[in-house]
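2 protein chains.
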Amino acid sequence: MTKKFANLRAQMSPESLARAETKAQAMLEEMPLNELRQARGLSQKMLAEVLHVQQPSIAKIEKRTDMYISTLRSHIEAMGGQLEVVARFPDGAVKISNFEDIGNNAAA
Amino acid sequence: MTKKFANLRAQMSPESLARAETKAQAMLEEMPLNELRQARGLSQKMLAEVLHVQQPSIAKIEKRTDMYISTLRSHIEAMGGQLEVVARFPDGAVKISNFEDIGNNAAA
Chain A
1 MTKKFANLRA QMSPESLARA ETKAQAMLEE MPLNELRQAR GLSQKMLAEV LHVQQPSIAK
61 IEKRTDMYIS TLRSHIEAMG GQLEVVARFP DGAVKISNFE DIGNNAAA
Chain B
1 MTKKFANLRA QMSPESLARA ETKAQAMLEE MPLNELRQAR GLSQKMLAEV LHVQQPSIAK
61 IEKRTDMYIS TLRSHIEAMG GQLEVVARFP DGAVKISNFE DIGNNAAA
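So the sequence lines, in the order shown, correspond to chains A and B.
Residue numbers are given in UniProt numbering: position 54 of the first sequence equals residue 54, and the series is strictly consecutive.
Residue numbers are given in UniProt numbering: position 94 of the second sequence equals residue 94, and the series is strictly consecutive.
Here chain A stands alone, though its shape is the one from the complex:
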């Protein structure tokens, strides 16, 4: 199967390939925080330990539909990830850099 797929790709025009790549990038998987944690193989208890909070705090954060960006950043960094805040427009996307320096200490 792998070989067949490679052959298929080799037959695609550079333009088609580029389009496919862009589409793949645009179609990031989407999930809530609790599913992401499970996908990373982490328990609420493990995350609570990293963040030096009690387990119910993690449960509470995972249920929230709004929070401070710094809180979210700490939460994602505790899972070993990095938060990216992106503004997407019909003609392109931009990373918002206002929040780069926050949250790093909270997760330490």
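What you were told as hints is all true, and nothing was included just to trick you.
Below 30 Å or equal to it, Euclidean Cα-Cα: the simulated DSSO-like pairs (lysine-lysine) are: (1) K95/A with K60/B; (2) K95/B with K60/A; (3) K60/B with K45/B; (4) K45/A with K63/A; (5) K95/B with K63/A; (6) K63/A with K63/B; (7) K95/A with K60/A; (8) K45/B with K95/A; (9) K95/A with K63/B.
Since the hints were derived computationally from the structure, they do not count as laboratory data.
From a predicted model like this one, the values you see are computed outputs, not experimental measurements.
Could you slot chain B onto chain A? The hints should help.
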């Protein structure tokens, strides 16, 4: 120049092209909210009118290094964009879906 660039691309292997596309996607331009507003050709006054707030509120938001995700979403939607919250890991990225339903009314 355009033609030369197209020729160059046509000579690239599908693998090189795919790598280049992925890299371009990963290297999103990065800027703070005030620069993004200017890049969209908007004034603080215009944004204030869309959000039904006073101009100093916009100035204040643009200076903040932390805020509620709902506030940021309204702000970006007022510029005609969409907020994306992404957790990036060494092995991939995931869009966080907890915040999808917030902020839409605030910007209306």
